[in-house]
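Respectively, the protein sequence lines represent chains A and B.
In terms of our numbering, the first sequence opens at residue 1 and continues consecutively.
In terms of our numbering, the second sequence opens at residue 331 and continues consecutively.
It should be emphasised that the hints constitute simulated quantities derived from the structure, not laboratory data.
We put the CB at the ideal spot given by N, CA and C, even for glycine.
Just to be clear, a hint being listed does not mean it is correct.
Think about it this way: if two alpha-carbon atoms lie no more than 25 Å apart in a straight line, the pair counts; the simulated DSS-like pairs of lysine-lysine are [stated by the list, open to error]:
(1) Lys365(B) / Lys406(B)
(2) Lys402(B) / Lys193(A)
(3) Lys193(A) / Lys493(B)
(4) Lys464(B) / Lys394(B)
(5) Lys393(B) / Lys105(A)
(6) Lys491(B) / Lys406(B)
(7) Lys521(B) / Lys491(B)
(8) Lys393(B) / Lys446(B)
(9) Lys491(B) / Lys191(A)
(10) Lys556(B) / Lys191(A)
(11) Lys447(B) / Lys193(A)
(12) Lys556(B) / Lys344(B)
(13) Lys402(B) / Lys344(B)
(14) Lys493(B) / Lys556(B)
(15) Lys521(B) / Lys365(B)
(16) Lys521(B) / Lys493(B)
(17) Lys517(B) / Lys491(B)
(18) Lys191(A) / Lys464(B)
(19) Lys406(B) / Lys447(B)
(20) Lys365(B) / Lys446(B)
(21) Lys193(A) / Lys444(B)
(22) Lys446(B) / Lys191(A)
(23) Lys446(B) / Lys402(B)
(24) Lys491(B) / Lys193(A)
(25) Lys105(A) / Lys406(B)
(26) Lys464(B) / Lys365(B)
(27) Lys491(B) / Lys447(B)
(28) Lys105(A) / Lys394(B)
(29) Lys193(A) / Lys344(B)
(30) Lys447(B) / Lys464(B)
(31) Lys191(A) / Lys444(B)
Simulated coverage check for chain B against chain A, where a stretch passes if three residues somewhere in it have a Cβ under 8 Å from a Cβ of chain A [said to hold, decoys possible]:
(32) 419 to 425
(33) 432 to 443
(34) 526 to 536
Okay, the calculated bits of chain A under chain B, using three or more residues with CB under 8 Å as the criterion [unchecked claim]:
(35) 185 to 197
(36) 200 to 209
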Amino acid sequence: MLQHIIQLLPQVLVDGITLGFVYAVVAIGYTMVYGILELINFAHGDIFMTGAFIGSGFLFLFISLGLMSSLPALLVFLIVIILSAMITGGMGVAIERVAYRPLRKRNAPKLIALITSIGISFILEDLVRFIAEWKTGNYIVTAPSLFNHTFTIDIHSIMPFFNNAKFQSSFIVVLVVTIIMLIGLDLFVNKTKWGMAMRAVAQDRETASLMTINVNRVISVTFFVGSALGGATGVLFMLQYGTIDPYIGFILGIKAFTAAVLGGIGNIRGAMFGGLMLGLIEMFAAANLSTLTGGLFGSEYKDVFAFIILILVLIFKPEGLFGKATIEKV
Amino acid sequence: MTEMASTNHFLEVKQIESFYGQIQALNGVDLYIDKGEIVTLIGSNGAGKSTTLKSISGQVQPKKGTIHFEGKEIHKNQAHQTALLGIAQVPEGRRIFPRLTVRENLLVGAFAVKDKKAIADRMERVCGYFPRLKERMDQPGGTMSGGEQQMLAMGRALMMKPKLLMLDEPSMGLAPIIVQQIFDIIKELNKEGMTILLVEQNAYQALQIANRGYVIQTGNIVLEGKGSELMTNQLVREAYLA
Ligand SMILES: Nc1ncnc2c1ncn2[C@@H]1O[C@H](COP(=O)(O)OP(=O)(O)O)[C@@H](O)[C@H]1O
Ligand SMILES: [Mg+2]
Numbered sequence: 001m002l003q004h005i006i007q008l009l010p011q012v013l014v015d016g017i018t019l020g021f022v023y024a025v026v027a028i029g030y031t032m033v034y035g036i037l038e039l040i041n042f043a044h045g046d047i048f049m050t051g052a053f054i055g056s057g058f059l060f061l062f063i064s065l066g067l068m069s070s071l072p073a074l075l076v077f078l079i080v081i082i083l084s085a086m087i088t089g090g091m092g093v094a095i096e097r098v099a100y101r102p103l104r105k106r107n108a109p110k111l112i113a114l115i116t117s118i119g120i121s122f123i124l125e126d127l128v129r130f131i132a133e134w135k136t137g138n139y140i141v142t143a144p145s146l147f148n149h150t151f152t153i154d155i156h157s158i159m160p161f162f163n164n165a166k167f168q169s170s171f172i173v174v175l176v177v178t179i180i181m182l183i184g185l186d187l188f189v190n191k192t193k194w195g196m197a198m199r200a201v202a203q204d205r206e207t208a209s210l211m212t213i214n215v216n217r218v219i220s221v222t223f224f225v226g227s228a229l230g231g232a233t234g235v236l237f238m239l240q241y242g243t244i245d246p247y248i249g250f251i252l253g254i255k256a257f258t259a260a261v262l263g264g265i266g267n268i269r270g271a272m273f274g275g276l277m278l279g280l281i282e283m284f285a286a287a288n289l290s291t292l293t294g295g296l297f298g299s300e301y302k303d304v305f306a307f308i309i310l311i312l313v314l315i316f317k318p319e320g321l322f323g324k325a326t327i328e329k330v
Numbered sequence: 331m332t333e334m335a336s337t338n339h340f341l342e343v344k345q346i347e348s349f350y351g352q353i354q355a356l357n358g359v360d361l362y363i364d365k366g367e368i369v370t371l372i373g374s375n376g377a378g379k380s381t382t383l384k385s386i387s388g389q390v391q392p393k394k395g396t397i398h399f400e401g402k403e404i405h406k407n408q409a410h411q412t413a414l415l416g417i418a419q420v421p422e423g424r425r426i427f428p429r430l431t432v433r434e435n436l437l438v439g440a441f442a443v444k445d446k447k448a449i450a451d452r453m454e455r456v457c458g459y460f461p462r463l464k465e466r467m468d469q470p471g472g473t474m475s476g477g478e479q480q481m482l483a484m485g486r487a488l489m490m491k492p493k494l495l496m497l498d499e500p501s502m503g504l505a506p507i508i509v510q511q512i513f514d515i516i517k518e519l520n521k522e523g524m525t526i527l528l529v530e531q532n533a534y535q536a537l538q539i540a541n542r543g544y545v546i547q548t549g550n551i552v553l554e555g556k557g558s559e560l561m562t563n564q565l566v567r568e569a570y571l572a
């Protein structure tokens, strides 16, 4: 049994890391907004989904314009992901402006904002479904592929107890781009003036405003950054997994949120780590559950496995693995 | 029109009424400050001192009344707008950003300043007043002692280079020797030209350094006068200096 698990490990790592980085970037969107507004922005998963659809829309557009054959794939990819990120970033800002800010102004209870975000989540799903069906006749869309060259890591010949791992070229793209986004965001939050303002507002909004910080503008910036990253990750997901539908944001959103909780909600580096961990656990479970349980549970139970881990972590460490340092209020 | 109606005082608060939801905290507060003064606002717990400061700084918007600063109407401003005009408030309980470093806490005060050189100069000045901060630049604000946090909170406000500095109970919970240091620095700042509005429960020390003072009770100003006059006033002696 152990031998079997070890054999599969290289592939588990490849798949787990890919999925884990996707979770990590989406988790950041949840954790940033929670850090500032104490709001679980349920619509964030659907921003991710919308990014996937906008990205594939651009790809179809480029194909119909005949640009695909004349431009290098990497350039097309960069144009598409940047445009999609800008659009979803703008959508995040707009949603905050129209739906959350008026509630904040009236000091509405947090629960109301939470329910509003669920409503927005449904609106986005239906809107995307409507447009997808109208344009393609089906709400499940198979996206054009850009990077589908398959590579094999021939680790078996060096270490015979491992099986070889396979991946598509899109894996490298996902990996490189998510890592760039994670490092970029970390630098933004920790090294720039606006990142500092964001942290200040998250820690004490009232006092930040006494220090000339326009809190509403900082909140807009937060939504823009989180939603742009979420949308860009949607594009990566679309390239990596090929088929998308308007409901991919729901499950993935819940898992990314789980990752954020795992890392300590509000903690950005925690969310990165939580995402990676969840991706790895999930892929490990998918590959080995059947072996581990003697065929009783198949790989389709991987989600349950991931959530059991979450529950265990929360029982023993309710503030998450990297919980926020406690704020002392005088 | 309202601009014309205001007088020549540096800050002029007229008949403001402020609320928290349905609860009325101020019932028509009047006060003014002239340039270069130290004015103190004293009163017991819950009298409305903090609410008065918050109304001036824009954290609470008064429902009635007016506030003018340098002739400009500011009572409808949001807090950051008033701060940009040059009014800094050191809040009650210091309200340091606990997970920002000391340096970052100070930099937040200079958020609106673009010129790097100006920021560095201000930083140096603040460290001149509070040398302790200089040794702790990279420590999280939340790990500092109460006295150090008060110094940081004042330093952070000074990074704004304010025209009017409002301090809300800076001596609260501090050892007498630290309180003395803080009051010395308040005096020094004032000597250098800074206008100061000082809220205190520690009435004796506040009245000693103030040009003028106001006494507030349940949302009303009940007394005003020179610092020395208030110090000898019968009511003040009984209620606040006992
Ligand atoms: N956030 C708040 N919500 C409701 N009532 C408040 C709030 N802050 C202060 N108050 C009430 O307003 C009145 C004035 O409070 P405050 O200005 O803080 O007094 P002081 O600073 O003089 O101790 C008190 O009765 C207090 O209970
Ligand atoms: Mg108070």
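Okay, the hints, checked on the actual structure:
This hinted pair checks out: Lys365(B) and Lys406(B) have alpha carbons roughly 22 Å apart, not beyond 25 Å. Note on Lys402(B) and Lys193(A): the hinted pairing is violated, with a Cα-Cα distance of about 30 Å set against a maximum of 25 Å. Note on Lys193(A) and Lys493(B): the hinted pairing holds, with a Cα-Cα distance of about 24 Å set against a maximum of 25 Å. In summary, the hint linking Lys464(B) to Lys394(B) is not supported, as the alpha carbons are separated by about 44 Å, beyond the 25 Å threshold.
With a C-alpha separation of about 16 Å, the suggested pair Lys393(B) and Lys105(A) falls inside the 25 Å cut-off, and the hint holds. The suggested pairing of Lys491(B) with Lys406(B) holds, with an alpha-carbon distance near 23 Å, which does not exceed 25 Å. About 15 Å separates the Cα atoms of Lys521(B) and Lys491(B), which keeps this hinted pair within 25 Å; it holds. Of the supplied pair hints, the one linking Lys393(B) and Lys446(B) is violated, its CA atoms being roughly 39 Å apart against a limit of 25 Å.
Pair hint Lys491(B) plus Lys191(A) holds up; C-alpha atoms about 24 Å apart against a cutoff of 25 Å. The straight-line distance between the Cα atoms of Lys556(B) and Lys191(A) is roughly 48 Å, outside the 25 Å bound, and the hint therefore fails. The suggested pairing of Lys447(B) with Lys193(A) holds, with an alpha-carbon distance near 15 Å, which does not exceed 25 Å. At roughly 20 Å between alpha-carbon atoms, Lys556(B) and Lys344(B) fall within 25 Å of each other, so this suggested pair holds.
Proximity of Lys402(B) to Lys344(B) is assessed by CA-CA distance (about 13 Å); at most 25 Å being required, the pair is judged to hold. A threshold of 25 Å between alpha carbons decides the hint, and for Lys493(B) with Lys556(B) the separation of about 22 Å falls inside it, so the pair holds. A distance of roughly 12 Å separates the Cα atoms of Lys521(B) and Lys365(B); the hinted pair therefore holds under the 25 Å criterion. In summary, the hint linking Lys521(B) to Lys493(B) is supported, as the alpha carbons are separated by about 13 Å, within the 25 Å threshold.
Proximity of Lys517(B) to Lys491(B) is assessed by CA-CA distance (about 16 Å); at most 25 Å being required, the pair is judged to hold. Distance restraint check for Lys191(A) and Lys464(B): the Cα-Cα separation of roughly 20 Å lies within the 25 Å cut-off, and the hinted pair is therefore satisfied. The hinted pair formed by Lys406(B) and Lys447(B) fails the criterion: a straight-line CA distance of about 33 Å is larger than 25 Å. Of the pairs offered as hints, the one joining Lys365(B) and Lys446(B) is violated, with about 29 Å between alpha carbons and a cut-off of 25 Å exceeded.
Of the pairs offered as hints, the one joining Lys193(A) and Lys444(B) holds, with about 10 Å between alpha carbons and a cut-off of 25 Å not exceeded. For a cut-off of 25 Å, the pair hint linking Lys446(B) to Lys191(A) stands: about 15 Å separates their Cα positions. Taken as a hint, the Lys446(B) and Lys402(B) pair is broken in the structure, with Cα atoms around 29 Å apart against an allowance of 25 Å. Distance restraint check for Lys491(B) and Lys193(A): the Cα-Cα separation of roughly 18 Å lies within the 25 Å cut-off, and the hinted pair is therefore satisfied.
Under the criterion of a C-alpha separation no larger than 25 Å, the hint pairing Lys105(A) with Lys406(B) is consistent with the structure, at around 15 Å. Our distance criterion of 25 Å between C-alpha atoms is broken by Lys464(B) and Lys365(B), whose separation comes to about 31 Å. At roughly 14 Å between alpha-carbon atoms, Lys491(B) and Lys447(B) fall within 25 Å of each other, so this suggested pair holds. About 19 Å separates the Cα atoms of Lys105(A) and Lys394(B), which keeps this hinted pair within 25 Å; it holds.
Only pairs whose Cα atoms come within 25 Å are accepted, and Lys193(A) paired with Lys344(B) is rejected, the gap being roughly 37 Å. About 18 Å separates the Cα atoms of Lys447(B) and Lys464(B), which keeps this hinted pair within 25 Å; it holds. Only pairs whose Cα atoms come within 25 Å are accepted, and Lys191(A) paired with Lys444(B) is accepted, the gap being roughly 16 Å. Here's how the stretch 419 to 425 of chain B fares: 5 of its residues keep a CB closer than 8 Å to some CB of chain A, so the rule of at least three is met and the hint holds.
Requiring three or more residues with a Cβ within less than 8 Å of a Cβ of chain A, the coverage given for the stretch 432 to 443 of chain B holds, as 6 such residues are present. Given as covered by chain A, the stretch 526 to 536 of chain B fails the check, having 0 residues with a CB less than 8 Å from a CB of that chain where 3 are the minimum. Interface restraint, the stretch 185 to 197 of chain A with chain B: holds (3 residues with C-beta to C-beta distance below 8 Å; minimum three). Residue count for the stretch 200 to 209 of chain A with a Cβ under 8 Å from a Cβ of chain B: 7. That meets the three needed, and the coverage hint holds.
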